[in-house]
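Participant: Sequence:
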Amino acid sequence: MSSSRRTAVPRPGRGVARSVTAPQKFRAACFTVEGLNSFAVVIYFSYLYFFFRDTFGFDDRQNLALAALIGLTYAAFSLWAGRFAQRCGYFTALKIGFGIMVAGLLLGSQLGSVAGQIVAACIVNIGMCFTWPVLEALVSEGDTPADIPHVIGIYNITWAGTNTLAFCIGGMLIEKLGYRSMFYVPLAVMVVQFALVFWLEKIHPPGRAADGGRPALTAGPDQPAPARAKLFQRLAWLANPFAYIAINTLVAVLPGIARKFELSTMGAGFACSLWSFARFFTFIALWQWTGWHYRFRWLVTAFALLVVSFAAILIVPQLATVLVAQLFFGAAVGLIYYSSLYYAMNASDAKSEHGGIHEAAIGVGNCLGPAVGAAALWLAPQSASIGAWAVSGLLAVGLGGLVWLRLHPAKGQR
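Here the sequence shown stands for residues 1131 to 1544, where the numbers follow this note's numbering.
Errors might be hidden in some of the hints.
Taking lysine-lysine and the DSSO-like style, the derived pairs with C-alpha atoms no more than 27 Å apart in a straight line are [as the list claims (entries may be wrong)]:
no.: 1; residue 1: LYS1332; residue 2: LYS1155
no.: 2; residue 1: LYS1225; residue 2: LYS1155
no.: 3; residue 1: LYS1390; residue 2: LYS1306
These are computed hints drawn from the structure, not numbers from a lab.
All chains, full assembly: derive it from the sequences and hints.
Facilitator: Written out as structure tokens, the structure is:
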């Protein structure tokens, strides 16, 4: 999708942060909502598969199929939600998103059937589609190319920090408070977020032209030519879905990993969150050091590490190896995700719409990886590791595709 096409003009007062330099209070509030959102959705979605295992007896194949459905839903609705926010206003989209998520969590907390819980999970997922593209746009709206690295760095560190916290303590919350906490803790957070949106709308900075754009990209010492920027945007958009192929497959089979190493839910939360800590610290490093910007060797090295570390985590039977592999896995997905968001926001002017594309690409990965793993386990149920091998092979294909795209860029993008 070309970023040069004319974007719809958001209606005044409908929620676009429109100043060239957003007031510090407004931006801090946006980061607060972002961090809360990350914490809430990780508590719910990361431990959803433990819930289905312990409540309904789901195995890896069934959990992978569930993850594929959730990923498909996210891919379909994120693209539309990003466009909706660009047309109708950021705060309108956030209110709809948080409202839908509250409804889904309330529904899930009261239902006891498999079908009911799957429907509730999809509802929560649809609501989430209206939040991430908008939050990505709000924190970077109105920034110049020179501002983007700093803002995207804080954005990534914020969500990754609360994500890691939730991943680490989620198992402990469930063991101490029961699976009801998986619904009620995120629900309480969502109610707070819903209230904060009204405050954000009230304090959003006025003044900028209503198209919600920013100055056109120009080549400079730290900014590539627009054609090169577009090439790296496409490279990162290819790589990021494959990172989420690995992530969502890993999260879906965490109950199986916990059983293999005889870990409790709390123990799994501690031991299997190491990759999330590694991603968090990778974000901090990439924020402080910009030498990786528009350097293909960093992106391709991260992708290669992704393939190897993913296979090691799911296939190697030694816990110590799994723990070490998580460090490389977290670093790899950290650089790939950071690249995807940075290149998307640095080469586009329709921010929430391109944020929607970024999130839809994540949804594609979230669907494809678990779907391949589930299909492999269905075709060869006698092999416990066949799903891991199948997804590892898919990741290897993605690595080949990344190299091919770099060697055969579109005309004018070399």
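Participant: Give a verdict on every hint.
Facilitator: Hint-by-hint comparison with the structure:
The suggested pairing of LYS1332 with LYS1155 holds, with an alpha-carbon distance near 12 Å, which does not exceed 27 Å. The hinted pair formed by LYS1225 and LYS1155 meets the criterion: a straight-line CA distance of about 20 Å does not exceed 27 Å. The hinted pair formed by LYS1390 and LYS1306 meets the criterion: a straight-line CA distance of about 23 Å does not exceed 27 Å.
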